[in-house]
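**Q** The chain contents come next:
There are 4 protein chains.
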Amino acid sequence: MERLKYGMVGGGLGSYIGDVHRHAAQMDDLTELCAGCFSRSYETSLRTADAWGLDASRIYRDYKEMADKEAEREDGIDFVSITTPNVSHYEIARYFMERGIHVVCDKPLTLTLEQAVELEKIVEENDILFGVTYGYTGYPVIRQAREMIRSGAIGDIVHVRVQHPEDWVIESVSPEPGDELPWRFHPEMVGEALCTGDLGTHAEQLLVQFTGLHIHRVLAMLDTYPSYLPLETNTSVFMDLGEGRTGVLWASQIAIGKICSPAIYVIGTDGSLEWDHTQPDVLRYTKKGGPTQLLEAGKEYMSPQSNRLNRVSAGHHEGFYEAFGNIYRSYAQVLLAKKEGREADGYTFPDIHDGVDGMRFVHACVESQKKGNVWITL
Amino acid sequence: MERLKYGMVGGGLGSYIGDVHRHAAQMDDLTELCAGCFSRSYETSLRTADAWGLDASRIYRDYKEMADKEAEREDGIDFVSITTPNVSHYEIARYFMERGIHVVCDKPLTLTLEQAVELEKIVEENDILFGVTYGYTGYPVIRQAREMIRSGAIGDIVHVRVQHPEDWVIESVSPEPGDELPWRFHPEMVGEALCTGDLGTHAEQLLVQFTGLHIHRVLAMLDTYPSYLPLETNTSVFMDLGEGRTGVLWASQIAIGKICSPAIYVIGTDGSLEWDHTQPDVLRYTKKGGPTQLLEAGKEYMSPQSNRLNRVSAGHHEGFYEAFGNIYRSYAQVLLAKKEGREADGYTFPDIHDGVDGMRFVHACVESQKKGNVWITL
Amino acid sequence: MERLKYGMVGGGLGSYIGDVHRHAAQMDDLTELCAGCFSRSYETSLRTADAWGLDASRIYRDYKEMADKEAEREDGIDFVSITTPNVSHYEIARYFMERGIHVVCDKPLTLTLEQAVELEKIVEENDILFGVTYGYTGYPVIRQAREMIRSGAIGDIVHVRVQHPEDWVIESVSPEPGDELPWRFHPEMVGEALCTGDLGTHAEQLLVQFTGLHIHRVLAMLDTYPSYLPLETNTSVFMDLGEGRTGVLWASQIAIGKICSPAIYVIGTDGSLEWDHTQPDVLRYTKKGGPTQLLEAGKEYMSPQSNRLNRVSAGHHEGFYEAFGNIYRSYAQVLLAKKEGREADGYTFPDIHDGVDGMRFVHACVESQKKGNVWITL
Amino acid sequence: MERLKYGMVGGGLGSYIGDVHRHAAQMDDLTELCAGCFSRSYETSLRTADAWGLDASRIYRDYKEMADKEAEREDGIDFVSITTPNVSHYEIARYFMERGIHVVCDKPLTLTLEQAVELEKIVEENDILFGVTYGYTGYPVIRQAREMIRSGAIGDIVHVRVQHPEDWVIESVSPEPGDELPWRFHPEMVGEALCTGDLGTHAEQLLVQFTGLHIHRVLAMLDTYPSYLPLETNTSVFMDLGEGRTGVLWASQIAIGKICSPAIYVIGTDGSLEWDHTQPDVLRYTKKGGPTQLLEAGKEYMSPQSNRLNRVSAGHHEGFYEAFGNIYRSYAQVLLAKKEGREADGYTFPDIHDGVDGMRFVHACVESQKKGNVWITL
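Protein chains in written order, with my numbering: chain R, 111 to 488; chain W, 111 to 488; chain F, 111 to 488; chain E, 111 to 488.
To be clear, the hints were calculated from the coordinates, so they are not data collected in a lab. Be aware that a few hints might be false.
Okay, derived cross-link-like pairs now, DSSO-like style, lysine-lysine, Cα gap no bigger than 30 Å in a straight line [what the hints assert, rightly or not]:
| no. | chain 1 | residue 1 | chain 2 | residue 2 |
| --- | --- | --- | --- | --- |
| 1 | F | K115 | F | K174 |
| 2 | R | K448 | R | K179 |
| 3 | R | K397 | F | K398 |
| 4 | R | K480 | W | K481 |
| 5 | E | K397 | W | K398 |
| 6 | R | K179 | R | K115 |
| 7 | E | K480 | F | K480 |
| 8 | E | K480 | F | K481 |
| 9 | W | K179 | W | K449 |
| 10 | E | K481 | F | K481 |
| 11 | W | K179 | W | K231 |
| 12 | F | K115 | W | K115 |
| 13 | W | K115 | W | K174 |
| 14 | F | K179 | F | K449 |
| 15 | F | K448 | F | K174 |
| 16 | E | K481 | F | K480 |
| 17 | E | K115 | R | K115 |
| 18 | F | K397 | R | K398 |
| 19 | E | K480 | W | K397 |
| 20 | F | K398 | R | K398 |
| 21 | R | K480 | W | K480 |
| 22 | F | K448 | R | K397 |
| 23 | W | K398 | E | K115 |
| 24 | F | K179 | F | K231 |
| 25 | W | K480 | W | K231 |
| 26 | W | K481 | R | K481 |
| 27 | F | K231 | F | K174 |
| 28 | R | K481 | W | K480 |
| 29 | E | K115 | W | K397 |
Listed below are several chain E residues computed to face chain W (Cβ distance under 7 Å; list not exhaustive) [as the list claims (entries may be wrong)]:
| no. | residue |
| --- | --- |
| 30 | P401 |
| 31 | T402 |
| 32 | Q403 |
| 33 | L404 |
| 34 | L405 |
Restraint-style ranges between C-beta atoms, simulated for each label pair [stated by the list, open to error]:
| no. | chain 1 | residue 1 | chain 2 | residue 2 | range |
| --- | --- | --- | --- | --- | --- |
| 35 | F | P336 | E | R327 | 20 to 28 Å |
| 36 | E | R327 | F | G322 | 47 to 55 Å |
| 37 | W | Q389 | R | Y338 | 55 to 63 Å |
| 38 | E | M299 | F | K481 | 35 to 43 Å |
| 39 | W | S282 | R | G352 | 24 to 32 Å |
| 40 | R | E410 | E | W293 | 17 to 25 Å |
Think of the CB as a built atom: it goes at the ideal place given N, C-alpha and C, for glycine as much as any other residue.
Can you build the whole structure from these sequences, using the hints too?
**A** Written out as structure tokens, the structure reads:
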């Protein structure tokens, strides 16, 4: 069986998200890490390669050298995985794409909406397969929900509640100004929004992947606590989801007690579906008039599109690594099919358009807040 | 021990909420039902009296006769309990108050905000004790939360999420126009709002009783499904809670799978508190940096203000009757104290001001929607 | 509508379980408390009568006077409710029954198995309707389970797990000998077992009422902690339920963190049913091969036998008072039917045979432990 | 950083548990898969090697050739991972150990207790590091519990409840005899017990790793449903845990609705600890008299021994792969330390003695059942 060759930019020893990407990418034996520029420090990159058992000859001093050299090789990488902070996504992704190398990129897609739109154009011009790693959307039951909604299990969607609360800012930042803030709080590093970009986009994509719907307009209320921070830490959004459908989204970095609690609840004319990250392999399904059913990942009554994303037998948990791995698995399946000129058999993952939508969402929320909580079209 | 004498308007045989009121009122042997006008039909009133073992001589043909006669008696009722639909609350409450009789009234307080404001004036002019039966706020752990917040257990409140979803409209109304709608859907019977008045006010009062905060401004999004209904069935509200605090409220009558799910989550600078009606005797408390604690009603570590509202030993559930009973119990304790000219020792219940606030909330939400989802001051 | 007249022995002011009985009995307007001997102290009985608004002329100095006088009256009580500790159940119940007065009695039925068997004989000789108040079995979904099992929803029962853990002994008793122990710990007051009689019988009846099965043999392990106590505080039992069915029962008074956690799980050849007191209005139902369904009390899809025991609309909780009330409601319906010579339409409650079975269960467990954890036939 | 070299016997393409082992072993970059005999079919082994990117020169026709050749190489494997069914564990483990190669072996350890005892002897004679992969015990909060109990957080243990119910037999086997049964049901392949060996040992080891206690005696009740099966499918066990401590264990393969639900609850004199696989990263801790606390994996308040087993940030789930990975991680840390002649800094894993204990437990349960449910010393 052919395995895709790939390289990684960022994510060297000591990087949290780098490890997530690497384990996720290789979990299903569909890819092989062959090249990398894991750090601005070449020495760190080399040490990383050593620790991971990689060939030092394909470890590069910077991403440009990597893209140039890999593009030249006959056995060069099929795709690059970009795991750096979003400030550098644009330049790196662009450089690789212009050399014909496919891309998987962490979220949020870019620093600015303009960059995102430009990347989308480059993707199209170069026929690139571009994946964006919204990890939480990889849980098999999210895919189950998508299939059920598609097949009419809850009728037409009427209203959606989606959230992504965490507690990390309030637990790690002083309530009063003091020490210099880490890079994550600086607009020049993360863009025009903090919570909305960091967690709001996770919620937005959860909505998109779960329901298949897209956000048409938003009306946002952005709160900043502690108040001296330069960007917001708590985001509440009314959403116009088209054709009379509405929704409410909440993302928070100050939600004490909600360590990492994405959740979604979708009301349709004939039923509802609900998912909560505290039990990530359970989907709650209620037909109008009937009892709530707990659908469990891996059980035979689940759809094949969901069950093929499940590695362990029903009742055994899959965690964040595995959910993230499903983004890579689906991406790899589609890329393999693309290379072989065949259909990808329904595998899906957040793509460049989803990435751009995330940036549109962030920008529109910021605009809405600036203008006094008014509706903004995405 | 003296027991308060009271009468009831509405709530005769076959009335659901009437039974709730009667059981709730008499649960703690603080009150005695002595008089009533339970129905527009005198015969139904008499049959009701018979079924409940009441003296027929104090069963009246209409509420005016009841108020007049009871006011004249030396052993007349101390208070009246009004359990009719809100369309008639104003006239009935006013008539009793003008005769010096105290009032407990179901929610929402009146049909219009103007009526509510007028009642408030009459209450003050006549030194009336006026209670409004927001039943869900009677659970002992709601009172526990109030005391903890007062004493600084979570620091200063930053953000609040509160909800009251149910499914009864979507489960009982046809998706397409057809049969004539029951009275509950007619604006002339329920006022300018449906879901916001029916369930939104429950959520609003849950916020008030739990936190001690009040809503300063709202920005509301009201949805109507099925779309042919004359009033909204799904209400989402951004709230300005003063001094930079914000909140989001959700009430719904179309939430399939959420049979009756009020809940509240309050973030403070030092911790959070959370309550969910699915386990009504548990309060989730998280100190910043610490594990979530499950505080259980009736346990010794709970505050006396909470535990004195608990009738059964810890671990034994109290339900809707008992929560409702705590509104009456607290009302009765305050009324007994008032009659005896002493302090009521900290018993609280939703009063006339809370009732008016509920109506202000409804009106402001409707205004916000009409004007295109803008902020409206209450 | 006729209401049953009843009297109460024990349960005067300050009695916890007395209040439970009184509220439970009167909740549905089927009974009227007319007579009583609430305490060994006549003065306390009179004060109790005053607080509850009862006629002092039917308050008696002792239970014998009460039984004698009430039996003589034309409008004498239909039944007596015995809420004293189990040490006195036998003599009181016997005395009333011999005068033709029906009985509701708290659990466990008696002090000794011999007493229980004798009561059973008297019941039969005098055509007495005898109810035993195993309160937890009154929840509507317990009745739902019984109907579902009867109708084959889970096939043939294969195995049952049932439990009733609490924490009250370990939380209230010193780990080392010291102060004199309260009456509840003295064998002469409670009989040959502590935990097995107090809580084990609750679990045993939960099994009986939920499944319709009976225990044929037991093999018990009784633990005593703190070890200086005269009787056991933790009871584990293997059960032979006949025809190859087995079960395991656990009752505990030292289960820190399990305040009051009765629960039952029943495996059948085609499905399973599960109930847990932490959410007393939810029944978990799993068909073999299907997802778990959460059946909620009061919903239309529930059986009429369950829903007629529900007072509030679905989603509103009923608590311990209401569950207890269902024992009285069912008892009253059957007694009314008996008086009127008609069928009782399927109402059920734990009766004298269930009470005797509880005593047999306790005795067999004690025998099993004494003989070295061997099987004992009930 | 040095990485351990290892080989694998069994677990080739299509093997479920083989994939679990391989992902688990390599998750933390502490080991490198260098050699293997993945199947009885050499061709399958070669295809497996190809799919996994392994050097074909170290793929062997049988395990003996593999052990012999690897033992001769200077860069031979440090340890072998045995993932075959338990019928062949003994011969394979023995052969490798006799050549000085360390072993990780799946559970249950062997086919018979005699084999297990012999392996234990060989381990000691050859100074072998022998790990047994009881995967569920690898969750970080299991280690947290062990540390808390060691440090006295719940006082002295009084009683333990542990379970491991699943539904796979009842969901996959016909209720009546018919088709030939798969190998898993044949005593010559799995030994003298089915459920007790398959799942009972998981529960037994969960008890051991969580509490640090060992089972002294058992009294077991083994049920067989469907009754035509040659071995039991439902196991209930009373346990003597020494010094007056008792426990009850339950394992089941017919627990419809309990897909995979290991759980443990430990009562101590001063508190309790509880874990349930449905939320594998949460530990419930109750101090006597206090509220239950939900301790979450990865939070700062957790012990370092627990947190160093956590790969993702708090609130992000780790699943079965990661728990299994912690067995390998801990084994690898100890083996690396052993090779370097230093202390292993407190890493623990189920070892040969735990493996033998598991076999003693199974054998004693079978004996207990055979002799009529009597106490059997392990």
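**Q** Under the criterion of a CB-CB separation shorter than 7 Å, is T402 of chain E in contact with chain W as hinted?
**A** Since the shortest Cβ distance to chain W is 4 Å, the answer is holds.
**Q** CA of K481 of chain E to CA of K481 of chain F, is that 30 Å or under?
**A** 16 Å, holds
**Q** Holds or violated: K481 of chain W and K481 of chain R, Cα atoms, limit 30 Å.
**A** OK: K481 of chain W and K481 of chain R at ~16 Å, within 30 Å.
**Q** Decide if the proposed pair is consistent with the structure: K179 of chain W and K449 of chain W, CA atoms, cutoff 30 Å inclusive.
**A** 21 Å, holds
**Q** Hint check: is the beta carbon of L405 of chain E less than 7 Å from a beta carbon of chain W?
**A** 5 Å, holds
**Q** In this structure, is the beta-carbon distance linking R327 of chain E and G322 of chain F contained in 47 to 55 Å?
**A** 35 Å, violated
**Q** Can the restraint linking K397 of chain E and K398 of chain W be considered satisfied, given a maximum Cα separation of 30 Å?
**A** 20 Å, holds
**Q** Taking only the CA atoms, is the gap from K397 of chain F to K398 of chain R under or equal to 30 Å?
**A** Holds. K397 of chain F to K398 of chain R sits at ~20 Å (cutoff 30 Å).
**Q** Is the Cα-Cα distance between K115 of chain F and K115 of chain W 30 Å or less?
**A** 24 Å, holds
**Q** Sort out whether K115 of chain R lies within 30 Å of K115 of chain E, counting only the CA atoms.
**A** 24 Å, holds
**Q** Hey, K115 of chain W versus K174 of chain W, does the alpha-carbon distance stay inside 30 Å?
**A** 18 Å, holds
**Q** Measure nothing beyond the straight line between the CA atoms of K481 of chain E and K480 of chain F; if it is 30 Å or shorter, mark the hint as holding.
**A** Roughly 19 Å between the alpha carbons, so the hint for K481 of chain E and K480 of chain F holds.
Violated hints, in rising order: 19, 22, 23, 29, 36, 37; the structure is consistent with all others.
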